[in-house]
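Number of protein chains: 2
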Amino acid sequence: MRADNDVAGASLILKPALDRISTEIDRQFDLLLKVPKDPRGPLYEAMRHAAIGGGKRLRPLLTVATAELFNVDRDRALRVATAIECIHVYSLIHDDLPAMDDDDLRRGKPTVHKAFDEATAILAGDSLHAMAFEILADEATSPDPFVRAELMLELARASGPSGMAGGQMMDLAAEHHVFDLPTVTRLQQLKTGALIAVSVEAGAILGRIQPEGRTALRGYARDIGLAFQIADDIIDEEGDEVLAGKALHKDAKAGKATFVSLLGIERARDQAAALVEQAVSHLHGYGREADVLRAVARYVIERDR
Amino acid sequence: MRADNDVAGASLILKPALDRISTEIDRQFDLLLKVPKDPRGPLYEAMRHAAIGGGKRLRPLLTVATAELFNVDRDRALRVATAIECIHVYSLIHDDLPAMDDDDLRRGKPTVHKAFDEATAILAGDSLHAMAFEILADEATSPDPFVRAELMLELARASGPSGMAGGQMMDLAAEHHVFDLPTVTRLQQLKTGALIAVSVEAGAILGRIQPEGRTALRGYARDIGLAFQIADDIIDEEGDEVLAGKALHKDAKAGKATFVSLLGIERARDQAAALVEQAVSHLHGYGREADVLRAVARYVIERDR
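Protein chains in written order, with my numbering: chain A, 466 to 770; chain B, 466 to 770.
The shape of chain A in the complex, shown without the other chains:
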């Protein structure tokens, strides 16, 4: 009964939080991406197509919910959340390209290179990438330039070759090599874990928490990042393409090692659940103000896509 109550409690907290952040992030992108009346119009249309009206906005919620622990002004937290979502959306656009994962569908809509063309998709990704740093560098994000510089450093590291882009490169290599569990774990820590970690950490940076005060939050972020990826592998194995809004069963077709292929579906499920409990335990020092973060942790393995 306890577990059922937890899940019900989580969705009571989580649903409004997800709805609110989705509306807020859509509005931020709408304001940022006004379509100019010049030949750059389709570039902005493509960015809007990818950025507005889709996605769970989990990363922005992590940033805003963490910032809330430290009473950070919500508008500043939203700016940082939008910057991180710019990086996430750019990575999806480039990932979907024919030379990469070659996907036609994303969030239930045609991918950017399908709705527009490949060149526009490449430039839309590059533009969102630059905009992330433009948002963070602006003093509206924080009047303290140390805070801005630290946010930019962490986001650049999380998205570059020693983070997300490096993980994507390992993922490409996974088609030609049989990776073991430690290598798949490392791949996923870089590919998705680094950006999830910076989403949490950014909230603490905005709250002026020094690195030594972020240990518990880092542990939380690492655990939910890994749980999220294991859940993703389970969805890829047995999910519903309509619910997921994207093609599934791609890893198996490509012959890639995944948590499911390495652990089997039952052990993968157990492992994800254990990581979620561990993530929640990292938050023991926080009270009710961390309930959204606890709900997010449980949600990453409950979501249907």
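Simulated from the structure, these hints should not be mistaken for lab results.
No incorrect hints appear here.
The list treats identical chains as interchangeable, and a pair is accepted whether it falls inside one copy or across any two copies.
In silico DMTMM-like cross-links for lysine to aspartate or glutamate, where the CA-CA straight-line distance does not exceed 20 Å:
id : residue 1 : residue 2
1  : Lys-579   : Asp-566
2  : Lys-574   : Asp-705
3  : Lys-715   : Asp-701
4  : Lys-502   : Glu-640
5  : Lys-502   : Asp-645
6  : Lys-718   : Glu-702
7  : Lys-521   : Glu-489
8  : Lys-715   : Asp-705
9  : Lys-521   : Asp-705
Use these hints to put chain B onto chain A, whose structure you have.
Leaving out everything else, chain B in the frame of chain A:
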């Protein structure tokens, strides 16, 4: 005779400055891009292929030469110059992709997607893009976080949809529209002018010159940026592919309006020369310490590629 002496004088100053900056930037990239012994190896190899041992390093020279006007520590100026060159190199990698300009040759070598593959080229560009901001955000670039934040803001603006990426989008549209001279000028100001401008401005930011003190340098940068692009159009029209190290005559084949097609070759040449004189005149407030910048201005229309 005066003009001949100027050119001879310029090359006496310019040649050693270009040689020195080329060596320095190659060394910076060599240190930054150590190839890891893991599946990300080819990503770093691809970045090295594109970043090391090629290019004129004009943008880095502009940053370092401008920083020298204000007695900025050369190592800091070099870091910023390397960050800007990261953006330039990433843009070349993505520009050369089959979906964009579809070039096989760059700086006399196979383009990244030819030497590696398209997916690696996309990720190598994305990685250099992130690294630019990682370099700028690091306190080794400047102990003053205001300086770091301003550098990042200017570079993000210059490279994003209201700068370089926006210019590239206009360039794609130029294949389907006949642009007039103001539109081609605007296209080029975004596509190449913005990054050249930030290369100069970054030296002044490092020198803690406030925006109102940068007017002359901004004028200089705007004029050489435009002269550079007119010269590029002239080279595309009548240059030598072996000297240029890349395919030429592409604009005419694509039916794109250029400064040469709009002005004719003689007026284009005159216009470029007038811009160079105007650029030099912006530097009248500086003494011999600005001779490298004067030499660069003359060089942009003398270079053979």
